[in-house]
Each structure stands twice: as structure tokens, then as C-alpha cells.
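Quick mapping for you: the protein sequence lines, in order, are chains A, B and C.
So that you can map any letter, position 122 of the first sequence is 124 in my numbering, and since no number is skipped, the others follow by simple counting.
So that you can map any letter, position 92 of the second sequence is 517 in my numbering, and since no number is skipped, the others follow by simple counting.
So that you can map any letter, position 235 of the third sequence is 239 in my numbering, and since no number is skipped, the others follow by simple counting.
Read the hints as simulated data drawn from the structure, not as lab findings.
Possibly wrong hints are sitting among the right ones.
Calculated cross-link-like contacts (lysine-lysine; reagent style DSS-like; alpha-carbon spacing at most 25 Å) [what the hints assert, rightly or not]:
no.	chain 1	residue 1	chain 2	residue 2
1	B	612	A	416
2	A	376	B	663
3	C	149	C	247
4	C	149	A	355
5	B	612	A	417
6	A	416	A	376
7	A	417	A	376
8	A	376	C	247
Between beta-carbon pairs, the in silico distance windows are [as the list claims (entries may be wrong)]:
no.	chain 1	residue 1	chain 2	residue 2	range
9	A	100	C	159	39 to 45 Å
10	B	606	A	238	35 to 41 Å
11	A	351	B	504	16 to 22 Å
12	B	545	C	126	54 to 60 Å
Being a predicted model, the structure only gives us computed values, none of them experimental.
C-beta atoms are modelled at their ideal positions from N, C-alpha and C, and glycine is treated no differently.
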Amino acid sequence: MSGAAFDIRIAAGGRVLVDTHGFPLEEGAVTFLFGESGIGKSLIGKTLFGILDQSEFGAEVNGEPYAAYRTSPGAARARAAGFFVFQEPSTHLNPLATLAEQLGEGTLRRAADPLGAAGELFPGGERGALPRILPVYPGPHRPSGGEKQRILVSMAFTRMDIALASGENARGLYVFDEPTGSLDRAARDRFLDRLFARFRLRQETILLITHDYGMIAYVRSRHRDLEERFRFLDLTVSGGNARARPFDPGRFLAWLDAQRPEPAERSHPPLLRVESSISVYGRTLDFSRPGDAAAPCTLAVRPGELVYLKAGSGIGKTTVAKIVIGLEQADRFRIEIDGVRLGEVSPRRYWRKHLWGKKMTMAFQHADEALNPKASVAAALRILSLASMRGNDALRTALGRLFDAAELDVLMAKKVWQLSGGQKQRLNLLRALVLGTPLVILDEPLSALDFESIDRVLALLREVRAGGRAILLISHNEDIFDRLVSPESVYMLSSAEQSAP
Amino acid sequence: MSPDAPRRRGRVSALCAGRRDILWGILWVGGLLLCRFWIGLELNAPARAQVVDACIHTFWGALAAVAMALLLGWGTAMLLHALESGRRRTVRLILSFVLNLLRSVPQIVGMLIGYVIVTSLTLNEVLASEASRIAATSAVTALFVFQEVADLVTARIRHYAATEFVDALLVCGVPPRVIINREILLKNSLAYIVQKSVALFGRAIFLLCSIDFIVSVGLSTEVSLANLPVTLGSLLAKMDSKQDILAIGTALTDARVIPTLLFEHLQGISVAFLIVYTLLCVYRIAGGLTERYRL
Amino acid sequence: MRPIAGIILEHCSAVVVVALALLGLAAAIRTGGSAAPAAADPRIARYLAIDSLDWGDPLDRALFRDALGALGTGSRRTIDSLVRAVDDARLSAFADPSRKLGGERARLDMREAAGLLPMFASFLLVFVTVMALTYLSARALALWKFIAWKQGRDSAFRLFLAVLEERGYRGIPAAAGLLVASAARGILALILFSPAYVIAYALRTSVDTGSLLFLVPLAVISNGVLINQANQLFTLLVAESRKGYVETAVVKGLGAAWDWNVPGGLRHRVILFPSHEARAHVFRDIYRNARLQYIPSLKEHAAFVVTGIVIIEMALNISGHLCYALLRHMLYREYDIAIAIAFAIFLTVKVTEACVDVWHALEERRYANVP
């Protein structure tokens, strides 16, 4: 595989999923591929790597059948010497093999220390998390999503180390598909540092597929020496064709620099109060202010305020959100919503009757799961049974806040499964916001979105706040929200194991 | 053949790929029509009428069993879900216990006991009409297959409950019954329910024919247990039909018997063909649905 | 994850509950049965006394109905009721134990129980053998089908159609072998789906259908048991092969070729010994994950196997076998013995279910990270 531009066409079930011309992938360079979810970035990555499932998809590369491309010497060498880190860590680990076994099987067995790369991504050494999770068979709850993602990434690093140690001639193709989706900023930065440390020693061909535009700021500041080897691409879809265009990182950085926090009016009493010392799953969760972890405090959200709840991955931000919204039962918790005090003895019936869809709502992280794939876009909003959503005009007005006016008629009739990931996420957010509840909880609202959509969503959130509604936000996009949220509205969540009585 | 080698497939085959359920549905109906045509030509009128009646009774009985199983299964799953959501663990435990007990009863043994009860009701003239007797035997069948429907409905609810689907709709104020019945079952599980119904149709036919055969064969032909409607199973148990089936075995060793199978031994051969061919086609249709919708 | 003690307790409770219920039922039947038999319906006594009337002859029965109708005895419903009463009286007489050799209705006592024990032992032997053979055969069939699917091999009939499309009728001689293979596959499918009694009656004059050597293979291949079990495992294998961890394994360089006897491919031995073969191939991970989910389905499989054996023994009237004895005792209204036999069959299924549940719990426990 030499530096080249690829014409890639992928179809399934009679439908063309990707049709792109001149996709550039330069050998010995790091290509950052941005773009909203669901428009074909992963498919392109799998096609180029040579692992596209031919029983499901038909593909052509540079006008040739996929089988010919796949078995070509260049592609086969790049694949044999490379690695692919897949997007969903929870499903990409074998539940019937320990993590230690999986780190050292196949070609990874050739490494001098198959566990060494993993150790770089888990701080804390022997007392850290890694020794505890190595003998574990991966399940739904253990290890955490972030831990699984780091394990998968470390497999790629191990492969790089093997190539380094053996001095292999062939340059491998390394594809990282959303490698930091489950990682907090510190873990993400650690991943990038270790990746580029290896890249400095041996310039493999790297394709890094991501929504995390915040990486741009970090690599610009910490790895400027490698800037010549960085390529930034943005995949967009227009008229059914996907186009990879150069993305100007400066544009994002300028936009980021221009973001300013809008402090909320603090004279109103809080709409939501959540006391610290929430007991759940054998742990105690506490809120604190940044830089003052030793002093637990009460989380308060006022009308018109955007409160940002931060924590490392796996600490329990989503769990707290679900306790507040009444979907999870904690052993002990105290909250106050609009003057009504609730706790662990409060019946769930109360949330259903008085709160859900009336005083509070939540937009979940995974739009794929949260929306009904068989429903049309219009039906996805009409299910709310809002009088204001009955007519098509009302629907168009609502959709128009996050979608282009020109596409609305077609969009309304489309089924959810036909939408791209970014479109699903925008619909997911809209569904929560059109309810008009005084309090909205947003879990990773910017996931799966491209740069333009992020801007639109943030504008919509400003509108929502301006209307006096409160937002409780959970997000790993710290680079963006640290700029947008004023410090007095930021809370840290920490977790401590409960000691046995 | 490695994944890189192209598959050799003609247009017809490519057309059929992914539509095997429709193909086998057509083959099944075609086979029934062909059989009807042939017995119309070669079988005497009374015997032909018996075969047709038996076929109709069996298929209606199986359809009724499937309908009852769907209703019963859905109701059971809803009840279990309501008990779990309402945290009534003890009641749920008791209900699950009883259902597991029922599950452990071999279907044919349970149906045999059910048939004893149906017979008693028939003899005491509680079940006076043919339709009521078919419905009663279908109800007995449904009692031993409905749990597959309950399991399916429960599994589909659990599948969506494990994702953010249910929670996302709940916090938007959508009532749980709408989420379960419309969003999960109607919009996202219809293919599963149809596939299960098809599979149960085949199972019901198998059980009805088997139990009728056993009951008919186990008794003297001088006395009828009750005036239960004739079905394919009971028809196969008649002496004439058994003689016809014996001819198949004879044909394996004596080729001269082969030409006579479709002429002189037609009643038994037709009944056996209808049972076996229906079971095969229904299985293939269910498999085709699984393949088409990737269930 | 259920504790093993809980599993055993649940199954034992079920056995106790059913045992008590059946004991109560048997006791009630005994008490009811010891009452004096009901007197014959006086309406029909005179009709039963007509010597020249053969109640087994459809013509005689039709003439009787017409005669009653002509004499204006009553409406059609009344005549139907009369005929049913006659049938009931004849059935009671037929099942009257005083007409049987021995003179009395048999009761469940030590002698009767001792007579049932060898039949139960034979039933268990057949059941265990059929379960084992069906499990192994279904597994082999499922693995063969799965690997053929991964190899992308089309069926003989599809290949035949492809030849016809390419070459028209001129292709038939060349593709004759494909047609024969398709026909053979079709006949095999019909056999596998046939109810046991169809196969058994077809071969009745050629083989001893009462011998275990016939009974066991018949129970394995008929009633759709084998094909349904194989299909269940096949479905699980296909679902597992589509999961993400398989992609990761492929990328790590584990064998992913599905051809036979090629580097990175599979050997035929994997069909019979899937757990021991293909250690460095993705097949092993797929099989192990599918197998774990397949284990609970063996409970359902046990109930189907028992259903199949019951059908065979009853339908073929195999004397000296447990299920035929069940039918006979039900017919002769010796319900306490029938209940005991039914309980024995239920116990067989329950013990099998308990064993499968415990096996599954132990397997799950291995991977549940329990300290």
C-alpha cells in the first residue's frame, strides 16, 4: 500500500452505502478522519484494512472487485503488519477468555512483553486497575467501557512494538476507530502520547477515525513536531456521495478560542439539588468543586443554568444521572426537585406520574438504542403526544432547529434506521428538548456529531437556557465544555469503595 | 471455497436467496394443490372427502392452537412483567414455578391427559358441536406450546430494557404499556412473532396428528372414544391407511410396488405425504423468515 | 447467576409438589372408583338388546338413526344424544375390568410397581442413549452446516439451477449428479421430518419395530428432533460469528480461513471434536460461546425426546414398554397406575432439567469472575 487516493464503493442489500472518490491515505502519515457517525468512516477503514465482511457487503476499490484489492500484495502486507482497533469495546472482547489471554494470543504472542503496552495505559502500576482486571473474563459491567477500550488499544501498541523489535520491512496499516470514545481526557491524552511515541520511532500508516475534535488542540500543543506527518480529513455526504475533504484544524481551534461561558442568573432558587454521599453498588459518590475534592458539596442546578458534571470514565456519572431521573435505585440518596424531596424510599410511581416528561427528561448517550429504528422521524416526535407536535408544520419547525430546511420533507418520512449516526443523535436531542421540561439531563450530547452539527447543538442549548430551562450535562468533550461552562457551574464526581461494617 | 472466491449463482437462485420463506410457502401450497388434484383423479369420493375433511380439521385446529397460544403467551409475559415491575417477587416466583412445572411435562403426555378431559366433556355433551371439539383440542395443544410465545415476548422486552430504548421513552412520559405493546412488540418484534407462529403451526400439526394417531390406534376400532372430528392423525391410524404405509416399506425391497403407490395405496400415502410435507415446508418457511429478517 | 443450591431446591420442590398433587389425585380416583358402578341408562337398554344390530357397522348405525327419525322419536339432537349414550355404554362395557382376564381392575401395589420397574429402566436406557446420540449428531450436523455456510457453498439444487441457467436443457446430463444429490437431500429431509409412526409403519414388515436397536435410531432421526436441535445450535453459531470479538481475533492473526485442510483452515476432525481442535482458529471462540448458550436448550430437547419416545411406544403398541403401558392403563381406567407412570416420566424430565441447569450454572460460574 503506497500513498494513494482510493475510489471506494460499498453496497449492501441493493443500497449504496459509501461512494467516495479520491480518498487519500498517505503511507507513513497519521490521518485524522472526522465526520458525523454513520456516514461510512468505519466501513472505509475496514475496506482499506481488508476485513470488510464480503457476505454482507459488496465493495469495489479503484474499480476492481474487493477480493482483488484485498489479496493484492500491498494490501495483504499492510494488513499482516498492522492492526485494527474497533469501535465498540464492549462487543470486541471474547467473554470466554481472560483479558490476559486475549492480550497475548495470535500474533501478539510474539511480543517480548504482551502486557507491557497495557501497563502504559493504566496508571498506578501494581496497585492500579490493570492487575485487577487482567484475570477477568470481560462482561457487561466489568471491566468498564474505558478499561475495555484501553485493552483493545494496547493490542495495537503491542503489534507496533513487535514490528519495532523485529525490524519488519513492511509498513503496517493501523486503523483506530473511535479509540477514545469511552475515555476521559486524561486517558485520551495518555493514549495519544503513547501512540505518537511509537510513531516517532517507526512511521506506520495510521488512520485515526474520531469525533473528538478536542484532539486537535492537544496534538497541536504537545506533538507539534509531528505536524508535518498529520493529515486532517472531514468526511461529508452530499447527494449520496461521501467526500473526504481536508479539514482545517485552525478553523476548529479558532472556533474553540471564540467560545465563552455564559454564567447563569444565580438569584433563582435551584430547580434541582442532589446531596453528596450517594450510596450505590457498594460505593459512595460525592460531588465537589474542581480543585477541592476533599470537601463534598451539594450539586445544584438553577433555571437557565448549564451544570457540567465531570469525572473519570467508569466513576458513575451516568449512574448519578439515572438515579436523579428515577431510573436506578440507590441504597441511599437525597434529591430535591422543584421543592419536593425524594430519596431511596420514594416510589418510582412518583417519577412516572409527576416528573417524567413534565418536570424533567433525559437524552441518553446512544441514539441508536434510544430511538425506535422502525419509526419514522415524524413518528419519533409524535410519540410524545404533545399537542404542539400534531401538525406537520410544528414538526418541521422543531426539526429545523437542528436539520437543514431543504431536507426536512424527505427527512420526516425516513425511518430512523435509515439515518446516519449524527442525524440520529440530533433527533435524540430534539426529542428531549421539545418536551419543554424545566430540567433536561444530557448524556454525551455531542457524540457522533460533526463540527457543523456541534455548533448547531450548542446554539440550541443556548436557546434552551435563555428560555429559563436548566441543563445537567455529562460529557467527555472537556476541551469544548471547559470553555463554555462557567467554573461555578462545574462539579466533580468522585467515588469511594464503601468499607465493610 | 475461500471468502475471496466469487459464488456461482444463477439468477433464479439469486432471486430465491433471502426469500426462502416465500419460496417454500409457494411450494407448500403447490404441493397441497397437486395432492388435491391427484386424489381428485384417482381416489374414490368417500375416501377423498375424508382426506379433505381431515386436512381442513387439522389445519384449522393448528391455526386455532396458534391463535390461543399467542394470546396466552402474550398475557403470561405481560403478567410476569407487571409482577416484576411492581416488585411483587413472591407472586412472580410462584407463577414462574407453576409455569416451569408445566414446561417439564412432556407435551404428548400432557395432551393425552387433556384429551381424556376433552373426551369426557364430549361424552357428557358439554362439547356438542364439531367446532367446539376442535377448539377444545386446540386449547389443550395451546396449553403446552404457549410458553414459547411467553419466552419470546419476555426476551424481546428484556432485550430492549437492557438498552436505553425503554428508559429513553419512559423519561419522555410515554406510558409503559405503549412502549411494550406498540414500540417493542408491534414495531420491532413482528417478524419474530410471525416466525414463532409459523414454527408453532408446525409443532401443533405434529402434536395433533401424533395424539390423534395414538388415541385412535390405542383403541379397538369397534368403539370410538368419542365423536371427535377426523384429522390426518386419526385417518392415518385407520387400518386401510396403515396398509398403504406398509406398501412404502415393501417398495424399498420390491420395485414392482412403486407404480402402485400413487394409485392403489393413495389414501394412506396422501395422508402421510400431507403430514410430512407440511411439517417440512413449515420448517423451511420458519427458517426462511429467520434468514430474511436475521432473527 | 443462580446458586446451585437454589437450582436443586427449585427442582426438588417441583417434584414434591407434583408428587403430592398426583398422590391426591390418585387417592381421589381410588375413592371414586370404589363406588358401585352407575346403572345403565334405561333409555338405551332396549336398543342395546337388539341382536341383529351391529353397532360397529356404519350402515347399521345410519339405518338406526333413520328409523328413529321416521318413528318421530325426537329431534336430531335427541337422536344424537341417544347414539352417544349407546357408544358410552359400549365403551364402559369394553373397559369393564370384569370382562378382562383376572376379573379385576388392576391397582397400584407392590407387585404392579415391581412389574413397572424393568419397563422404567428400559425407558431410561432408551432416553439416555437417544439424548446422547441426538446431542452428538445434532452438534455434528450444525457444525457441518455452519462451516459449509462460511465456505459459501451453495446447495446442490442451487448449483443445478445455475447450470440450467447457463446452459439450458443441454446442461442436464452434466448436472445429473447435482439433481440426484438434491433428490437424495430432499428424501433425507422428509425422513428427518417424518413422525416416527410413518417411518415405523413403512418398515414394519421388514424389521422388528419393537427392538431397542430399531427404537433408538428411530427416536433419533424422526419427529424432527435432530433437525430442530441442529438448527438451534447453527443459529447460535451464526449469531456468534457476527460478533465483534471474532473481528478482533481475525485482526490478531488467528486462523480465519474456512476451507478444509489449508494453512489457517480447518480439519474435518473439528466436526466430531470441536472443543479440542482448531485451537488457533476463530472457530474455537465461536463454538465455545455458542455452546454456552446452547446448553439450556437441552432441557427443551429432553422434553422433545421424551415426547418422541412416548409417541413411538404408544403408536407402535410396543408391549412391555412403559409408554404403551401408560396408554393401556388409561384406556382401562386404571388411573392410579397411569398416574404413577406419568410421574415416572415427569421425574425423568425433571432430573434431566436439573442436571442441565447445574451444568449451565457451573459453566457460567467459570466465566463470571466469582472470587
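For this session: May I ask which of the numbered hints given earlier this structure violates, with the numbers listed in increasing order?
Result: Result: hints 2, 4, 12 break, sorted rising.
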